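S.K.: Chain by chain, the residues run as shown.
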Amino acid sequence: MDYSFTIKQIAEQIHGTVIGDASRIITKPSSLEEGSNDTIAFADNARSLQKAQDADLGALIIPEKMSMNINETTVIKVAVPRLAFIRVLNMFKQPHTVYEGIHPTAVISKTAQIGKNPHIGAYTVIEDDVVLGDNTVIYPHVYIGKSVHIGNNGELHHSVSIYPYCTIGDRVIIKAHSVIGGEGFGYFQDSGKHYKVPQIGTVMIKDDVHIGSGTCIDRATTGTTIIGNDVKIDNLVQIAHNCSIGDHTIIVSQVGIAGSAKIGKHCMIGGQVGIADHAELDDEVILLARSGVSKVRVKKGRYFGAPHKPAIKAARIEAVFGKLPQMAQDIQDIKKQLNKNNQ
Amino acid sequence: MDYSFTIKQIAEQIHGTVIGDASRIITKPSSLEEGSNDTIAFADNARSLQKAQDADLGALIIPEKMSMNINETTVIKVAVPRLAFIRVLNMFKQPHTVYEGIHPTAVISKTAQIGKNPHIGAYTVIEDDVVLGDNTVIYPHVYIGKSVHIGNNGELHHSVSIYPYCTIGDRVIIKAHSVIGGEGFGYFQDSGKHYKVPQIGTVMIKDDVHIGSGTCIDRATTGTTIIGNDVKIDNLVQIAHNCSIGDHTIIVSQVGIAGSAKIGKHCMIGGQVGIADHAELDDEVILLARSGVSKVRVKKGRYFGAPHKPAIKAARIEAVFGKLPQMAQDIQDIKKQLNKNNQ
Amino acid sequence: MDYSFTIKQIAEQIHGTVIGDASRIITKPSSLEEGSNDTIAFADNARSLQKAQDADLGALIIPEKMSMNINETTVIKVAVPRLAFIRVLNMFKQPHTVYEGIHPTAVISKTAQIGKNPHIGAYTVIEDDVVLGDNTVIYPHVYIGKSVHIGNNGELHHSVSIYPYCTIGDRVIIKAHSVIGGEGFGYFQDSGKHYKVPQIGTVMIKDDVHIGSGTCIDRATTGTTIIGNDVKIDNLVQIAHNCSIGDHTIIVSQVGIAGSAKIGKHCMIGGQVGIADHAELDDEVILLARSGVSKVRVKKGRYFGAPHKPAIKAARIEAVFGKLPQMAQDIQDIKKQLNKNNQ
Chain A
1 MDYSFTIKQI AEQIHGTVIG DASRIITKPS SLEEGSNDTI AFADNARSLQ KAQDADLGAL
61 IIPEKMSMNI NETTVIKVAV PRLAFIRVLN MFKQPHTVYE GIHPTAVISK TAQIGKNPHI
121 GAYTVIEDDV VLGDNTVIYP HVYIGKSVHI GNNGELHHSV SIYPYCTIGD RVIIKAHSVI
181 GGEGFGYFQD SGKHYKVPQI GTVMIKDDVH IGSGTCIDRA TTGTTIIGND VKIDNLVQIA
241 HNCSIGDHTI IVSQVGIAGS AKIGKHCMIG GQVGIADHAE LDDEVILLAR SGVSKVRVKK
301 GRYFGAPHKP AIKAARIEAV FGKLPQMAQD IQDIKKQLNK NNQ
Chain B
344 MDYSFTIKQI AEQIHGTVIG DASRIITKPS SLEEGSNDTI AFADNARSLQ KAQDADLGAL
404 IIPEKMSMNI NETTVIKVAV PRLAFIRVLN MFKQPHTVYE GIHPTAVISK TAQIGKNPHI
464 GAYTVIEDDV VLGDNTVIYP HVYIGKSVHI GNNGELHHSV SIYPYCTIGD RVIIKAHSVI
524 GGEGFGYFQD SGKHYKVPQI GTVMIKDDVH IGSGTCIDRA TTGTTIIGND VKIDNLVQIA
584 HNCSIGDHTI IVSQVGIAGS AKIGKHCMIG GQVGIADHAE LDDEVILLAR SGVSKVRVKK
644 GRYFGAPHKP AIKAARIEAV FGKLPQMAQD IQDIKKQLNK NNQ
Chain C
687 MDYSFTIKQI AEQIHGTVIG DASRIITKPS SLEEGSNDTI AFADNARSLQ KAQDADLGAL
747 IIPEKMSMNI NETTVIKVAV PRLAFIRVLN MFKQPHTVYE GIHPTAVISK TAQIGKNPHI
807 GAYTVIEDDV VLGDNTVIYP HVYIGKSVHI GNNGELHHSV SIYPYCTIGD RVIIKAHSVI
867 GGEGFGYFQD SGKHYKVPQI GTVMIKDDVH IGSGTCIDRA TTGTTIIGND VKIDNLVQIA
927 HNCSIGDHTI IVSQVGIAGS AKIGKHCMIG GQVGIADHAE LDDEVILLAR SGVSKVRVKK
987 GRYFGAPHKP AIKAARIEAV FGKLPQMAQD IQDIKKQLNK NNQ
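Chains as they are written, first to last, in the working numbering: chain A, 1 to 343; chain B, 344 to 686; chain C, 687 to 1029.
Bound conformation, chain A alone:
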């Protein structure tokens, strides 16, 4: 890392109140665990404050209403430490290379409409009738198919594929190698042979969506696969044709969501979860990692296991598994005892 700031400089950026030595030099942000006397971290609850006691930090961001007394650490009080820490991270973020303008090797159809202030990397291909918003960053080797619409202030990273006729909102970030709008996996079987069902629908990705690397979101058979506003999707996720994902839902890595599943708003889908076709999740469903949901409706709550169960119930069942060999033995012993008693 090449940057350094005084605590005073940082406190100004995050509108914080300094308690302690404001002239100290901070060379990087850190976690509490990896802190040292030239790093800055944050704590916003009792547990993390406790951890911070043991960390030899240069500076610690805490909530306004909390108090903290650490000999060697300067404290900065702010309204919301987590959001302040995001600003600090941005202060220290080193620049990525982004092409200014349109790289001469980009192959762009004459019928494409490119917005103001474009950043289009080398060898990117943009097909007919694409509409690209303002300030959107396109890395090298991206493919944007016919008639795709992309909003403002977004990012398409290296080698992203957008199939034709898809729509992408504002401030959408799609990381390297993700594929949007591939044909859904639909076949009709007749006499043992499979006939491909053409997938003539599209994908609509709304505003503020982030999509990880290597994730696939398939176009609808008819109609639209929908990714709601502020949805965040991790790497290597599969979202099949005709799914709809409600606003603000979080989908962790390697999740698979089968065709026509409907996911509510503010859901939390843990890593490696599988959701069957036509399943329906209400708002605020939490599926812990590796859970499996069959073709059912799931009400608001916290679930675990495959098939999924309320998390508390799943834990109770899991607690019995270890006793099963003994239980099987006990039953045999009891049966013998009863036989003996009844003779």
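No wet-lab data here; the hints were simulated from the structure. Just so you know, not all the hints are guaranteed correct.
Stretch by stretch, here's where chain A covers chain B in the computed footprint (C-beta under 8 Å, at least three residues) [said to hold, decoys possible]:
(1) 499–511
(2) 528–540
(3) 544–556
(4) 608–622
(5) 664–673
Model, not experiment: these values are computed from the prediction. Note that the Cβ used here is the ideal one computed from N, Cα and C, for glycine as well.
Since chain A is already given, all that's left is putting chains B and C on it; use the hints.
M.R.: Quick look at chains B and C alone, frame taken from chain A:
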């Protein structure tokens, strides 16, 4: 959607008999659930016909031998509604851009043989001794390694990678970012260090195979990894070295098949299933989603769970799980009771 | 395959002693199962020697101290048959095309430092301040972001993405479409909206690491995601921000490792395993395929199941599952019996 047809026009294309108003305008195909009075859908069993009763469709395709009386919906009778609906979808499918000829930026070895009527997109790279069949569509940024043979009428989508010496049949579709023929994951361990086993075999993909996006099929150590005719593979699937997949088998998203596993014909492998190395599946094995198969032989049948069990048995076991905490308690109570009785 | 060698030629390369006819022609290496009278295979334990008895091989490599009497097969004795067989495979390996020098279409920043004897394929993009070691092979369509450092004698295959500021050691092989250094999946929630946590850390990949196709390794929030020396990672693996993977560890396909997990040295992580954030694996932990580890510490040993258990215990529990419906019935019967006895 920009297209519209009269029901008469559609019925002619699908060789159907119209019952009702043939002059109505249809603007798109739909599912039964999303139907409206300008859409066309199909129904081919009692359950879907029931659904169709409640849908306010413009037109409904049904089997010749069924009858249906819906006030406001025109009916089209055909031999096989599912196949007729595929034709309807194709009528409404909007065109994708496909490059006519060979894009001037494509880098093609002088020793490559390109078939008739090529469609080779921008920046694609084709190495020495490649043989490419007629009418095959290659999207931008594809890489075709040395001596790869590809048949006629296929499609390689954006950024597909084909490693050297692989063979691909006719009418094969490979979606964006899939990787065919990477070296299998093979190491010999000696004194705690790993030595890479060179994978000198190849991959053979037979006719009419479809491969989703982001799927990886590794080349064999020696010999050939084989994907049979009419096999359909979804997104983000892993098929390891020396596997063989029988004709007409379906593999859903995120499945992992480990080295040297042999899968029979007409199998159905559900999403997120894992199959161990050297496992053998007979023909017509159905593995429900998220099942796991260890290094065993699996006979024709329907299975669920990890380790897999006959689906009916798995359901019976699953049904007991919810009772386990009570069962554990019952056993304790019984033991106490018996102790008391025996005193 | 186009190559053939006499057994004498092969034995010379692997420093072996021939017993039998050294003049026979071998046209390819094979497994024992696929052997024929012109192939060479190896056997190094009782079980594989038994298999070799039934295989009609041209030549068989065995350990010096073993003896073997097969009428029709020539035997070659060597110190370590597995390592000798790697040499044999390399003798028969057909060449892949590698660009000699820097392809004229590669877009390379003037501030990038390219080592001796480069092989940089068509349309690859190398950004500012990249440092590339000697003899490293870069396939077409690769993207190497700003300030990435890459060592000597490595390979980056088709369309690999390396985000800025990552460090890659010597002799590292990264297969097609893998993504190194994408921003980790980190969000702070405030009033129901998600705020992206900038991931300003990096990824460090040490020497002799191999990474499969379609694998994603995310950069750290702060600090470094570390992949140790001689780590081998298969296809479609997810390694989240701030993980560290110990030297010589093996990670099989479709594994997911969540943020800040620490994996020891010489571990073996089976296919489709999931490891929760902040989990800690000691050295020499073996996780069988599809196991799941929650946020705990795991000591040296062999584990199976989700949540993971010692493999022997997991097998004992699994053995009871099949009896569960009968056990439930038994308990009901026993209760009835006791009620009757007590009346």
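S.K.: When I compare C-beta atoms, does the segment 664–673 of chain B have three or more residues closer than 8 Å to chain A?
M.R.: holds (count 6)
S.K.: Please check whether the segment 608–622 of chain B has three or more residues whose CB lies within less than 8 Å of a CB on chain A.
M.R.: Our answer is that it holds, as 3 residues pass the Cβ test (under 8 Å) against chain A, meeting three.
S.K.: Given that the segment 499–511 of chain B was listed as covered by chain A, double-check it with a C-beta distance under 8 Å for 3 or more residues.
M.R.: Answer holds; 3 residues pass the 8 Å Cβ test.
S.K.: Taking a Cβ-Cβ distance under 8 Å as contact, does the segment 528–540 of chain B have three or more residues in contact with chain A?
M.R.: Check failed, 0 qualifying residues.
S.K.: When I compare C-beta atoms, does the segment 544–556 of chain B have three or more residues closer than 8 Å to chain A?
M.R.: Check passed, 3 qualifying residues.
Taken one by one, the earlier hints fail for this structure only at number 2.
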